[in-house]
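K.L.:
This is what each chain is made of:
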Amino acid sequence: MGVQASGAQSVPRIPFEKTTLANGLEVILHEDHSTPIVVVNTWYKVGSGDEKRGRTGFAHLFEHIMFMGSQNVPVGAFDKWLETAGANNNGSTTEDRTNYYESMPSNALPLALWLDADRMGKLLPVMDQTKLDLQRDVVKNERRQRVDNVPYGKWNETVIGALFPSTHPYNWPVIGSMADLSAASLEDVKGFFRTYYAPNNATMVISGDFNRDSALTWVNRYFGAIPRGPQLPPRPVIQGFTIPRDTFLVLEDRVTLPRLYNTWHSGRIYAPDDAPLDLLADVLAGDKNSRLYKRLVFEMQVAQDVIAFNNSTKLDGYFNVWVTAKPGHTPSEMAGLVAEEINKIVKDGITPRELARAQNTRRASFLDRMASVYGKSDRLAEYNYFAGNPDYSQQDAARYDRVTTADVQRVAAAYLTKPKVVLTIVPQGKKELMVTGGTK
Amino acid sequence: MRRTLRLHVALIGATTAAACGTPVVTTSNPVVVVPPAETFDLTKPPTLGAPPTLSVPSIVTRQLANGLRIIVVEQHELPLADMLLQVRTGGEADPAGKPGVAGLTSTMLMEGTTTRTSLQIDDQQAFLGVTISAGSGWEQSTVSLHTPTAQLDSSMTLLADIALHPAINATDLERVRKARLTALQQQRDRGPAIADRAYAAALYGSDNAYGRPLGGTELSIAALTRDDLVQFYSTFYRPNNATLLVVGDVKPDDIERRAQALFGAWARADVPSVTAANATSKATTLVLVDKPGAAQSSFRIGGIGAARSTKDYFALQVMNTMLGGSFGSRLNQNLREKHGYTYGASSGFSYRRSAGPFTASAEVVTAKTDSALMEFMKELSAIRDAVPADELARAKRYLQLGLPQGFETTRGIAGQLLPLVTNDIPLDFYNTAVQRIGAVTQADIQRVAREYIDPSRLTLVIVGDKKMIEPGIRALNPGTIVVRDARDVLGAPPTP
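Protein chains in written order, with the numbering used here: chain S, 1 to 440; chain D, 1 to 496.
Don't read these hints as lab results, they were simulated from the structure.
Among the hints, erroneous ones may be present.
[Stated by the list, open to error] List time: in silico EDC-like cross-link candidates among lysine to aspartate or glutamate, alpha-carbon distance up to 16 Å:
#1 D:Lys338 to S:Asp137
#2 S:Lys288 to D:Asp172
#3 S:Lys154 to D:Asp189
#4 S:Lys418 to S:Asp246
[Stated by the list, open to error] Facing chain S, a subset of chain D residues (Cβ under 7 Å, in silico):
#5 Thr43
#6 Gly328
#7 Arg436
#8 Gly438
Glycine is no exception: its CB is placed at the ideal position from the N, C-alpha and C atoms.
Please model the complete structure; the sequences and the hints are all you need to start from.
P.N.:
Structure representation (structure tokens):
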């Protein structure tokens with residue numbers, strides 16, 4: 001048990017009721033009447049990990065098409081009707097799931113449910129090439145805005161492409177490639193909808209200010225008649241893999257400063273080593289006193305920034321450390337210093353104070369993440385899908401409280417001394433700055 | 001994600017909570033309350049009941065003898081509090097030739113007090129699980145604290161120490177300066193960042209505070225001295241120029257008692273009033289900034305907007321909601337949902353103590369830069385014509401009914417109240433907001449659109465790959481075109 005600051009908050013449970021309609025739709029209800037706001041947050045169990053080769057980015061492109069109207073909702077009306085009711089809405093896609101939400105004044109709940117039911121049940125009768133082509137252009141611009149026109153923007157797809165085997169569902173980026181986005185066809189849209197957008201592949205969370213009986217009446221009325229879909233294809237699975245030796249990559253970009261990315265294979269969320277790895281990331285670069293920040297940025301002032309995180313999700317994960325070299329310093333220097341600091345933790349471990357800082361900061365963030373009605377709806381959906389139990393907030397928090405300094409030292413040794421992917425992003429014409437095997 | 005629109009009203013972050021210890025119920029039986037089919041028509045959207053009314057939390061104000069104003073809003077859902085100590089002076093007061101003083105002063109507050117080092121401040125925050133940050137806007141500098149109320153003794157003491165006893169140590173200043181200079185150098189990498197700088201400079205000119213970058217330039221940051229920061233701090237960080245805003249699981253009497261203990265000895269002084277000069281929009285000019293190889297062109301188009309105190313505030317908000325302040329707005333529907341030129345187009349008024357900018361913006365695929373420019377100009381003209389009644393009604397309802405979302409959490413409430421404090425707006429502002437939005441007419445919209453959006457007096461900035469986009473832009477004959485590169489916009493790097 002780590003050192004706790006006195007009076008540390010305990011993490012609450014999120015009360016809920018869960019039921020399943022005859023067609024397989026899971027419904028999770030959480031009432032909170034403190035503000036007259038209600039959120040509908042629907043997770044479909046499909047993400048970029050379900051995509052086929054040659055169609056990367058399709059799950060996310062499909063997400064966009066879901067806002068383009070359905071049988072009883074003309075093009076543009078989805079947003080207009082919700083805005084008239086004072087609602088905001090959006091969606092997001094990850095490797096594992098796609099979600100859609102509306103956040104609104106409590107009286108608008110039946111409208112959101114009706115709109116979501118219409119697109120779950122009746123998207124295809126009004127689907128056409130124009131909708132696909134338009135959102136294809138929008139998504140290509142989203143890719144430009146998030147990746148192509150952003151300094152260092154291609155780091156992630158470059159790293160995961162080298163880290164995960166080509167058969168691994170996390171081998172390509174959620175946003176996809178321009179070529180694959182161009183290749184997506186209307187037949188793909190129809191096939192994807194029929195396969196994955198069925199009530200038995202979805203979980204709908206209703207969170208906030210609503211009356212339980214009314215909400216269930218509306219849910220049954222609007223969703224009850226949507227037929228169950230065909231047998232779902234098996235979810236992607238992953239094979240264990242090892243990286244035999246360090247892989248060194250270089251990318252030229254329109255950047256002023258070179259940046260080093262070290263990436264190791266970690267593991268799935270909620271796996272036994274997941275929480276220690278998260279805390280290890282905090283100890284390495286979570287605040288000013290963290291090992292890498294303090295030495296490279298604060299004391300030596302050879303780095304402009306340093307970031308460390310363990311990105312774990314449903315099936316697998318990776319641990320990343322990146323460092324931007326200050327003018328006059330090289331990525332190879334950064335690589336040497338990162339290795340030194342990791343080796344110190346492997347050899348000597350961390351102090352109880354370092355662990356307590358990381359644990360206390362994590363515990364405080366739990367309260368914040370679970371706080372708004374949207375935040376709570378997302379936690380319930382995430383725990384339901386990833387942990388198999390919506391009632392998982394206290395277990396989630398407890399796994400961080402249980403971590404010891406020895407655990408952090410152990411995972412540093414077990415993961416961060418293994419072969420890794422080393423990417424250097426360099427200013428154009430400066431490939432000689434690439435980090436290669438020569439550094440210690 | 002489907003959108004990244006920036007909305008002026010509503011959509012302020014998160015924090016309510018679950019009640020502890022409430023039982024969790026899991027039922028596995030399918031629910032069977034299905035009403036008979038003939039009672040509803042699935043082809044029509046349901047009719048909605050009356051929307052909930054906006055319930056604005058009560059606001060208690062107090063004042064210490066030294067002039068420190070205290071505003072407390074009780075919100076007891078969670079054992080949390082948000083606390084903002086706001087000084088009513090920001091980058092607007094940067095001395096001539098020294099942009100970045102207010103910002104760097106804020107940064108240095110977190111870098112050590114007379115009794116705590118930078119690393120000790122950081123260690124204590126992380127150990128307590130609290131977040132303290134400092135930053136400056138145009139007209140205010142704020143030190144903010146987000147804390148569990150169980151840590152209030154320690155965290156509020158830390159907040160007060162940071163705000164009242166900064167060391168502004170020379171060694172720390174040099175480290176921070178070096179980091180800041182490097183960050184400014186890195187601005188060259190980002191087209192959108194270059195566009196923001198170029199737009200402010202073109203709109204206001206370097207003689208007006210709003211035309212200079214809040215974060216300073218490489219030249220100014222290199223030249224600032226410790227004395228500049230100390231001078232700014234000792235002039236403006238005074239209790240009679242400050243407000244302590246507290247929202248959360250607290251009681252006004254307790255907060256006043258704590259504030260008296262921590263801030264009561266803070267010495268008052270005469271504080272000069274500094275306000276950016278009022279500016280007027282210039283004849284239409286397009287500034288084209290070359291960003292070789294850019295995949296998108298960054299658009300910033302607009303003019304001088306309005307001060308926060310404007311009597312046109314609600315008319316402008318409703319007009320902007322229609323033009324570019326919502327997903328269903330004209331700019332976004334045209335440039336994104338009709339043409340696919342961009343991931344999102346938006347517009348907004350930046351209300352400040354003096355008239356801030358009105359800006360329409362988008363990141364547009366390079367090959368469609370000229371087409372997008374045409375559509376922008378089309379929409380900026382069309383909003384000056386009478387708007388359809390149903391579109392006006394939708395915008396008003398969107399703003400009115402979205403108001404409660406801003407009051408969901410302690411952070412949200414603080415975010416709603418802070419601009420009122422900054423701009424001397426009465427704190428009961430939200431009590432009449434619904435009604436005042438409701439009172440906006442078609443004639444009001446047309447009047448403010450014509451007054452604030454004049455196609456003959458627009459500043460246009462496009463940052464993109466010049467060799468690809470210049471011919472198309474010139475073919476549209478948009479008026480005076482000034483061609484620049486990133487160095488012209490961001491300034492030359494300082495000589496070491």
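K.L.:
If a hint holds in the structure, say so; if it doesn't, say that too.
P.N.:
Status of the hints after comparison with the structure:
This hinted pair checks out: Lys338 (chain D) and Asp137 (chain S) have alpha carbons roughly 10 Å apart, not beyond 16 Å. For the suggested pair Lys288 (chain S) and Asp172 (chain D), the alpha carbons sit about 13 Å apart, so the restraint of at most 16 Å is met. Restraint check for Lys154 (chain S) and Asp189 (chain D): the C-alpha separation of about 14 Å stays at or below 16 Å, so the hint holds. About 8 Å separates the Cα atoms of Lys418 (chain S) and Asp246 (chain S), which keeps this hinted pair within 16 Å; it holds.
Annotation: Thr43 (chain D) was flagged as interfacial toward chain S, and the flag holds, the nearest CB pair being 5 Å apart, inside 7 Å. At its closest, the beta carbon of Gly328 (chain D) sits 5 Å from a beta carbon of chain S; the interface hint therefore holds under the 7 Å criterion. Checking Arg436 (chain D) against chain S by beta carbon gives a least distance of about 16 Å; that is not within 7 Å, so the hint is violated. For Gly438 (chain D), the interface hint is violated, since its Cβ never comes within 7 Å of a Cβ in chain S; the closest pair sits about 13 Å apart.
Checked against the numbered hints listed earlier, the structure breaks hints 7 and 8; every other hint is satisfied.
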